[in-house]
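We have chain A already, so just place chain B on it with the hints.
There are 2 protein chains.
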Amino acid sequence: MRIAIIGYGGVGRAFVRLIIDKKDELYKEGINPIVKYVLGSKGGVYDKEGIDIEKFIDFPSNKSICEYPEIGSKSITFDTVLKNKDVDIVIEMTPTNLETGEPGLNYIRRSLENGIHVITSNKAPILLAYKKLYQIALENKVQLGIGCTTGGALPSINGGIIDLAGANINSIEGILNGTTNYILEEMDRSKIEYPEALKKAQKLGIAETNPTLDVEGWDTATKLLILTNVLMNENKTIEDIDVKGITSIKLSDIEELSKKDKKYKLIGRTTILAGKIKMTVGPEIVGSDNLLYNVNGKDKVVKYTSDTLGDLTIIGGASGVIPAAASILRDLINIHRGYKYIRGIRDE
Amino acid sequence: MRIAIIGYGGVGRAFVRLIIDKKDELYKEGINPIVKYVLGSKGGVYDKEGIDIEKFIDFPSNKSICEYPEIGSKSITFDTVLKNKDVDIVIEMTPTNLETGEPGLNYIRRSLENGIHVITSNKAPILLAYKKLYQIALENKVQLGIGCTTGGALPSINGGIIDLAGANINSIEGILNGTTNYILEEMDRSKIEYPEALKKAQKLGIAETNPTLDVEGWDTATKLLILTNVLMNENKTIEDIDVKGITSIKLSDIEELSKKDKKYKLIGRTTILAGKIKMTVGPEIVGSDNLLYNVNGKDKVVKYTSDTLGDLTIIGGASGVIPAAASILRDLINIHRGYKYIRGIRDE
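Protein chains in written order, with my numbering: chain A, 1 to 348; chain B, 1 to 348.
Note that these hints are calculated values from the structure, not bench results. Warning: the hint list may mix true and false statements.
A pair counts as met if it fits within one copy or between any two copies, since identical chains are not told apart.
[Said to hold, decoys possible] Subject to a maximum C-alpha distance of 35 Å in a straight line, what follows is the list of computed DSBU-like cross-link-like pairs (lysine-lysine): (1) Lys141 - Lys131; (2) Lys141 - Lys63; (3) Lys132 - Lys298; (4) Lys236 - Lys23; (5) Lys28 - Lys278; (6) Lys262 - Lys48; (7) Lys23 - Lys276.
The shape of chain A in the complex, shown without the other chains (with noise of 0.2 Å):
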């Protein structure tokens, strides 16, 4: 499998370093992983009988990889490897913009209509033009790998198209955002207000320094909007949305609710009332009987029903960058075994 990197940021580094280390686990499913572009911002490295992995993960992070020797150069870019024509499937990895999408929506778009798989990280092309993407990947007889997009190494997006294959999804309802359900989860532990909370996770690393995407609820809005219109087949768009983050939950509210055996937890829930579907956002109180109620820490929860299979909970996803590049690994080693991404969509 012949593969092109783009973005070497945390998760792009991680990566390279899991095929290392799971070449024997790889061989086994029959994969010879072969890389033969590395993208940065500013250049890039390659080499056409596949980069020395093992020699190029030891360049170090602060310099740019264009700098890296004989095969580095400022000149090596996406579109070498489109004239090159030489990969099978490119591993989009580029920053997220929830304005434009891009550059990763771009290079999904040329990678796709040039006959190339795509695995993506990036939220923001899935979330801006996954209807377009998933209909260029069809024509082009071509897998588009979604699966980072919408909780990492939780298989949420696997789960509806996999695991539900046959039946019908009549809700979607998750944590889906690891961030403010270690935040909850500290104020009741800790009994420390909100902004203690967030400089704990911040000072942790599991809040970024401007921590407004995840504790305004941009972040589960985003996940839940790709999870609603992959798999329910809609078409909507982040205004649809009702969306409350949680940072005017005081510590007392949840004290209260502590002593009833209850706690809020930020969710994301779509469902269908009278034929219309209705989306929201928003911390919601949920009792110790309820499966949501142990999900802790920076765990995440999608909770799909259905009508032929029933209800399905899926718990998971660990964060960092290790599970982010090993659900990306995922969908690699899915898409070389023959899976199609798609789900009741008629391909022939």
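Frame of chain A, contents of chain B only:
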């Protein structure tokens, strides 16, 4: 997709009903199901153009299907299917015989040898001969769908093969039997002893007249064994499992635990200790902070721990003939989509 159905009991009938009801969904997947054969124990029904299943489904269930007008006959057997070579997939749903695996084992083996995909709901052949059957499937480039054998609608096999692709599974833990889970919950809720709760379950059709396989832990052991052999690439037998049931649990034990927010659950567990596989089935005490605590009634759960994708807990598995049939349909759709039911076994 040309189909032969072998075994026409409750699940068989539910499966035929389901492909009628799910016609539109199957069309969207590009599947046109043509049922050519339905075989019972005394003969069968065959139409080379495809049986009119919307008419056939109304045939009284107390009559033998070989009496079905015009196309039913005692002379239509599994040999007819092999001789005619006119189906793509065999759905094997004959009764389970844990001693010999027959007649299902023979049907599965010979179908695969003849280049026909197989989906089975029958635990026994998978328990007794999975490795061999898998090898035959591989050699003949066909698929063997076994999703229904380890919890029906609960996607336990999918979870291990697809959702943890590329990760090593380090342990398996689960509540894999809905009947015992119901009985334990019923003892707690209605404050009754085991024999009374069993009677209640039998009255509701949740427990069988001879409940031994369920309540003594053998059903759980069977499912655990299949999961362990398939997902951890082992070759264990039922004798390798230390099996205890729930029959000696007293109401007073449960009440004592309840005071401490704890419950008994019948848990199947595979772990690796100092490089050695250890498998147990037995009642375990579970606290209210454990995800398994809230898996109640007829629900089931499986939890995997892995190296790179963290923990994965899957809860679901509605009971009954419709979810069982729907889990067979799920395998059928995924086989049509091109998915290979393999895990880390080189096939190139």
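Here is what the structure says about each hint:
In this homomeric assembly, Lys141 and Lys131 come within 35 Å of each other (Cα to Cα) both inside a single copy, at 15 Å, and across copies, at 33 Å. For a Cα distance limit of 35 Å, the shortest separation of Lys141 from Lys63 qualifies neither inside one copy, at 38 Å, nor across copies, at 48 Å. Taking the shortest alpha-carbon separations for Lys132 and Lys298, only the intra-copy value of 33 Å comes in at or below 35 Å, while the best inter-copy value is 42 Å. For a Cα distance limit of 35 Å, the shortest separation of Lys236 from Lys23 across copies, 27 Å, qualifies, whereas the shortest one inside one copy, 40 Å, does not.
In this assembly of identical chains, Lys28 and Lys278 lie within 35 Å of each other by CA distance solely across copies; the values are 25 Å between and 45 Å within a copy. With identical chains, the CA atoms of Lys262 and Lys48 are never at most 35 Å apart, being 58 Å at best within one copy and 60 Å at best between copies. Taking the shortest Cα distances, Lys23 and Lys276 sit within 35 Å of each other only across copies (24 Å), while inside one copy they are farther apart (48 Å).
Comparing the model with each numbered hint stated earlier shows that hints 2 and 6 do not hold.
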